[in-house]
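**Q** Listed below, chain by chain, are the residues.
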Amino acid sequence: MNIREIAKLANVSIATVSRVVNRPEVVLPETREHVLEIMREHSYTLPPARSGKGGRTGNILLLAPDGGNMLEQRLMAGLESVAGPKGYVITLCNTHGDAAELQRLLQFGIDQRCSGVVISGGATTPADILHFAEAQVPFVLVGNSPAAANNNTCYINTEEGAYRMARHLLEMERRRLALLCGKGLPGLEAAVRAGLDGAFREAGLSHEWPGRLLYAEDSVRSGYRAASDLLIGEMPDAVFATSDELALGLIGGLQARGLAVPADIAVTGFSDSPVSGVFSPALTTIEQPTYKLGMVAARMLFDLIDVVVPDAVPQEIVLLPKLKIRASCGNRKPISTLFE
Amino acid sequence: MAYEIDFMGLRLKNAVVVAAGPWASDGASIQKCIDAGAAAVITETILMEESSYYGPRMYYRDGEMLSLSLYGHKSIEEWEAEVERVHKKDSVLICSIRGASPSEIAYIAKRTERLGADALQLDIFAPMDATIEQINLQPGKLYDLTRAVVESVGVPVMVRLPYNMSATSAYIRELERAGVSAISAIESLRGLSGVDLERRRALMPTFGGYTGRHIRPVSLAATATLSQLTNCQICGVGGVENHLNILEFIMLGAVTAQLGSVIMRDGYGVIGEAARELEAWMRAHGCESYGEIRGAALSSLQPYEQLPAVRHQSRLAAPCGDAACLRCVKGCMYGALAFEDGAVQNHPSRCTGCGFCVARCPKGLLSLTAAE
Chain A
1 MNIREIAKLA
11 NVSIATVSRV
21 VNRPEVVLPE
31 TREHVLEIMR
41 EHSYTLPPAR
51 SGKGGRTGNI
61 LLLAPDGGNM
71 LEQRLMAGLE
81 SVAGPKGYVI
91 TLCNTHGDAA
101 ELQRLLQFGI
111 DQRCSGVVIS
121 GGATTPADIL
131 HFAEAQVPFV
141 LVGNSPAAAN
151 NNTCYINTEE
161 GAYRMARHLL
171 EMERRRLALL
181 CGKGLPGLEA
191 AVRAGLDGAF
201 REAGLSHEWP
211 GRLLYAEDSV
221 RSGYRAASDL
231 LIGEMPDAVF
241 ATSDELALGL
251 IGGLQARGLA
261 VPADIAVTGF
271 SDSPVSGVFS
281 PALTTIEQPT
291 YKLGMVAARM
301 LFDLIDVVVP
311 DAVPQEIVLL
321 PKLKIRASCG
331 NRKPISTLFE
Chain B
1001 MAYEIDFMGL
1011 RLKNAVVVAA
1021 GPWASDGASI
1031 QKCIDAGAAA
1041 VITETILMEE
1051 SSYYGPRMYY
1061 RDGEMLSLSL
1071 YGHKSIEEWE
1081 AEVERVHKKD
1091 SVLICSIRGA
1101 SPSEIAYIAK
1111 RTERLGADAL
1121 QLDIFAPMDA
1131 TIEQINLQPG
1141 KLYDLTRAVV
1151 ESVGVPVMVR
1161 LPYNMSATSA
1171 YIRELERAGV
1181 SAISAIESLR
1191 GLSGVDLERR
1201 RALMPTFGGY
1211 TGRHIRPVSL
1221 AATATLSQLT
1231 NCQICGVGGV
1241 ENHLNILEFI
1251 MLGAVTAQLG
1261 SVIMRDGYGV
1271 IGEAARELEA
1281 WMRAHGCESY
1291 GEIRGAALSS
1301 LQPYEQLPAV
1311 RHQSRLAAPC
1321 GDAACLRCVK
1331 GCMYGALAFE
1341 DGAVQNHPSR
1351 CTGCGFCVAR
1361 CPKGLLSLTA
1371 AE
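As given, the protein sequences belong to chains A and B, one line each in that order.
Take the first sequence: its letter number 24 is residue 24 in the working numbering, and every next letter is one higher.
Take the second sequence: its letter number 310 is residue 1310 in the working numbering, and every next letter is one higher.
Okay, chain A solo, but in the shape it has when bound (with noise of 0.2 angstroms):
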């Protein structure tokens, strides 16, 4: 007799049984009596749940490459919001995309008892988690990084937010797109240019995205300093930065060397910050979901914390980006539809 034939004799969810036993407080007292009946009848009892925090902190580490960032920041929020009213707390602590510093970070998770620890980054690899993961602390990935398979991992699908935006500015007739790509952020530039071939190949342009490439630290004042080097050689006629502030510093840069956004050259970003609706030429960008995806770590790590489902594979759950057009790509016409 397991809790699933139980609850199908008690007509009742897994999760109501669950509840009867762990807390009773919150059922209706004849469904409580009802369920306890049928498990004395077959003299079932729950195993024992780690019911409460288990003799652990009800501290959840969060460990990102970049804890300032405005993304790593709405991540925490978003798992705050489930997390919270659990009663857990959230800790940020930023590894510098270092591994030796995550490594001391995740010993610090284990020899603190930390409830779980959410692991955000595109570059964590299996041997960055292979001792940790005997620890037996419960982890969830963020972002699809090398070791995303065969751990419970979520992240945004940046390929198909980074192939709107380039579909988006061939229909907005832009067909030399350069790439401002931020540094520092593994997995990035792979995906985005992957999205780029995939709106070039499906517009019947190139096999792949033919466009100049140029990098930059993911900060406003090295988008604005990007400006110059974009000036020398072939002008491209838009620019798709990696990130809001890059785009942002850029179209700063670019207007200060007397170029028009984006009569001139378009100017996208890719993250939403809150300042790309109100800055002129308002930002066409890519919202990522992050609140929502740290919604998602959340409920996948409480599935481990409080044993849900009893030797579940790992899973792995994708959002998707959506597409805000504004006016830094060309687009004169309100827009009141969002895609996802």
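Honestly, the hints are just simulated from the structure, not real lab data.
Hints may contain errors.
Mimicking SDA-like on lysine to any residue, the simulated pairs with C-alpha atoms at most 25 angstroms apart in a straight line are [to be verified]:
1. A/K8 with B/K1089
2. B/K1330 with B/S1299
3. B/K1088 with A/R32
4. B/K1088 with A/L28
5. A/K183 with A/Y224
Estimated spans, in silico, between C-beta atoms of each pair [unchecked claim]:
6. B/D1266 with A/P24: 52 to 58 angstroms
7. B/W1281 with A/R201: 56 to 62 angstroms
8. B/S1193 with A/G84: 37 to 43 angstroms
From a predicted model like this one, the values you see are computed outputs, not experimental measurements.
All residues carry an ideal CB built from backbone N, CA and C; glycine is no exception.
We have chain A already, so just place chain B on it with the hints.
**A** Same frame as chain A, but now just chain B:
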């Protein structure tokens, strides 16, 4: 006599299903629907990230209802606690869910199954908020999304389609291939309530979902079309207000139908009234089960091309001198009706038999007969 229905393998005590909406937004409101006599209640749509309250979001005029927000405002965790307190009695709980990617919606499906859903309705084509682009463009992507849900849960799955897709076999084939148990139609229509001409502003800040009795002809046609295109069970939704409407949907092939915005307009009492009146109607007509009348009206439908080419002419049964009315004269585009010598004159030779005058005459003086 009980008029039970087998719907997606679930036993429904009657044909009244409550649609997804704010009338089923938490445990207490779901309980009201159940206590009122609903055989099944569909929750307000459950999402990975619940929507926030935005107001005003309801626009109403002359029985027309437009809503800017059709999704639920509770988190999955809150829903677990809400459903826990519901006495389902002999009713069925269906969770409406939405997610944009296969893995996202599959996760919500598993969570809602765990919280006690007896079945799921996928509401993935709502006309407000972001459009899930891929499933609108590629039937194969609709398969991926629905298949991910069907594979993840043990409960039956229903998909709600917009009116255009319910007439497009490419999408319906994919739903069948994915193993869905039922199709509900239609999704509310994308609408705008109007424009304030003086201020040159739309009356609503964004598109809304248009519901109410005005969309019923569209949803009836969708049910009839689906009856031709699929062997999946059909659940009519869109402008269903009472037991007579439910019977219309059933006679066009639906297994059951959903009451929605009428609950918001007239109160929860419409649920019990529909259930009681349905039973009374069935009894009065000597029917023992809904199977006897399901699809009964379909054989009266035929393709436009096959309509018999019988010419009709309108006839005025008695003289009419109502110069203030003239609906028939104004409406006749063929000159077959005219107001001459103080009375409506009928010129049958010009009549093409469209029937509009018959429908419009408030005195019932006009009728159509087959032309000689």
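**Q** Can you name, in rising order, the numbers of the hints this structure does not satisfy?
**A** The structure breaks hints 2, 6; every other hint is satisfied.
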